[in-house]
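Visitor: For reference, the chains in residue letters:
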Amino acid sequence: MTDSPAPRHIPDRLDKPFRSAIFSWEALLVVVAIAIFAINSFASPYFLDPYSLSDLTFNFTEKGLIAFAMALLIISGEIDLSVAAIIALASTMTGMAVQAGADTPVLVLIGIVVGLGCGAFNGLLVTRLGLPSIVVTIGTMSLFRGIAFIILGDQAYKGYPENFAFFGQGYVWWVVSFELVLFLIAAVAYWFLLHRTIFGRRVFAIGNNPIAAQFSGVRVGRTKFILFCLTGLMSGIASVLITSRLGSTRPSIAQGYELEVITMVVLGGVSILGGAGSILGVVLAAFIMGLVTFGLGLLNVPGIVMSIFIGLLLIIVIALPIVWRRLRGGR
Amino acid sequence: MKAFLKYREIWLFAAIVLLIGLISTRFPAFADPGNLRQVFNDTSILMILALGQMVVILTRSIDLSMASNLCFTGMVVAMLNAAHPAIPIPLLIVIALLIGLVLGAINGLLVWRLNIPSIVVTLGTLTIYRGATFVLSGGAWVNADKMSPDFIGFQRAAFLGIPVLSWIAILVIALFFVLMTRTALGRSIYAIGVNPTASVYAGIDVGRTKFIVFCISGMIGGLSGYLWISRYVIASVEVANGYELNIIAACVIGGISIAGGIGSVGGAVLGALFLGIISNALPVINISPFWQMAISGSAIILAVVLNARGERQQGRIILRKVEAVT
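Those protein sequence lines, which keep their order, are chains A and B. Going by this note's numbering, the first sequence opens with residue 260, and the numbers climb by one from there. Going by this note's numbering, the second sequence opens with residue 14, and the numbers climb by one from there.
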């Protein structure tokens, strides 16, 4: 499903060698994904079951949703480390609204609006005050989650309405979950935004050379501000999904997600230095990370050991093309 | 430039004095010299770690794996001590430094030889080192009753009225001060941060210097591993989870620019002290410890805003020169 359109999705690249390099990156990801899929289906008899495979998708849909917006942000040369903290704050606010007797539509709205607001706050600090985003978002990471801790302490919010559970636990059709559908819709939307619109071209331009982009009439600050808002928005949506799936809110919710989301984006071939990347790569990376986590989970491998595999995967997949290029160049 | 840096540290120092003053209006015993010594001792490990992180950040890199390195080395040292209590503590510290050095060298090699951005490398090793701790220990804890009395007592022993832990911190601060202000390596580290291309033309091996810098931060991580475990007398996979961001926060508050080239030993130490004072003060002035995270987050943002103001003034001068040339 994902491998055949790959070459056709890239033609917005300017120079051909670069284009083929990106193509081979996604080809590499497809190979890795197929290999892990095959190993998994041999390793565990429970893997090739529609219901298992459906469970698998929950491992990456929420983080994947954020990863799309994060990919755009990283391509533009910025980063947002506060996404998991935004989830915590948005979820806490949703929980407060439940205590006040709010209904499901209001809860969803609050989650999304809080996410958007946090993103806009990051965006303002970075673009208006010209601060480095990595430091700003380390600060807001503590601030947002800190507010959640002040509000909740060691308590938890529960008692979400029954129909609120649909977003994180509901199925649209057979084994296709609402989260998966949302993930796929977002994938298409972000693919279109990044690879088919003027806005997307501007994101690449800013990432490659912000000063040249500025002189070409791109509103660098405004574009980056929008990207921070989008990342906040996606975190807000993810917060609704996670809150609905878990049915409770603690201030430690989604702890450590920011690093997993960034791992996903980088594994997907987005350059951490900005200026290059594709949504298809991020989708593939999301699948790969879901496959690894779920496959190892079926084999009763503890989560912390899985993280070794994710870490190794990240370094090896990045190092491989470099080593290969060097070996070829060395001859 | 030098006067400017000094100015910034004096500023931070004044903020710390003000903070202590504010706290002592609610709890007078806080400003007591004995208590301040206690706060310094409590913050020692963070100060040491912040110095290790500082040299990395100065070269425009970042080491996210320090807390995982600390966790892994701490576990190795604790298990060694539990299995062979006869190993003298100084030898254990050397072992901790060496393990940390190896872990740091892995980061450094990947950054130097393969040119992978440090944030990606250390993001990967962050999870790998902590996972390796789990594999090594099988998820088990090493508790206080398995550690030898020397292992726990070494850093608590008082020397001239100050615990050994504080002396180690003072020694590390002195070493870093000499390194950054009196050696060629220190100058190269600043040079790379300010302008990597010019550094190459000045004859500095940028890749190798970055490798050395990661070896330094690795050794610091290893040393802190022993100090942390013997201080909190428990070694587990969860030790210092997420602490890498506290270390970076201390650097940022200390005025070390994440863009590289700007920062000093004094700044890193004061930044760590600032965070240490807040975490020590909250319980005594009856503020819930749950406030700590939001307060340090606000402090980070405030510090960045203030530092950026100073850097922008510099930037403007450079810009004017550029305009004059073109």
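Hints listed in this document are in silico derivations from the structure and should not be mistaken for laboratory results. Small disclaimer: the values here were computed from a predicted structure and weren't measured. Keep in mind that a hint or two might mislead.
Unchecked claim - With beta-carbon atoms standing in for the labels, derived distance ranges:
| id | chain 1 | residue 1 | chain 2 | residue 2 | range |
| --- | --- | --- | --- | --- | --- |
| 1 | B | L319 | A | F425 | 40 to 50 Å |
| 2 | A | A424 | B | V213 | 51 to 61 Å |
| 3 | A | R587 | B | F26 | 46 to 56 Å |
| 4 | B | R322 | A | F474 | 18 to 28 Å |
| 5 | B | R221 | A | F425 | 51 to 61 Å |
| 6 | A | R587 | B | G152 | 38 to 48 Å |
| 7 | B | A27 | A | R587 | 36 to 46 Å |
Glycine included, every Cβ here is placed at the ideal spot set by N, Cα and C.
Visitor: Look at each hint and say if it fits the structure.
Guide: Structure-based check of all given hints:
no.	hint	verdict
1	B:L319 with A:F425: 40 to 50 Å	holds (47 Å)
2	A:A424 with B:V213: 51 to 61 Å	holds (59 Å)
3	A:R587 with B:F26: 46 to 56 Å	holds (55 Å)
4	B:R322 with A:F474: 18 to 28 Å	holds (26 Å)
5	B:R221 with A:F425: 51 to 61 Å	holds (57 Å)
6	A:R587 with B:G152: 38 to 48 Å	holds (43 Å)
7	B:A27 with A:R587: 36 to 46 Å	violated (58 Å)
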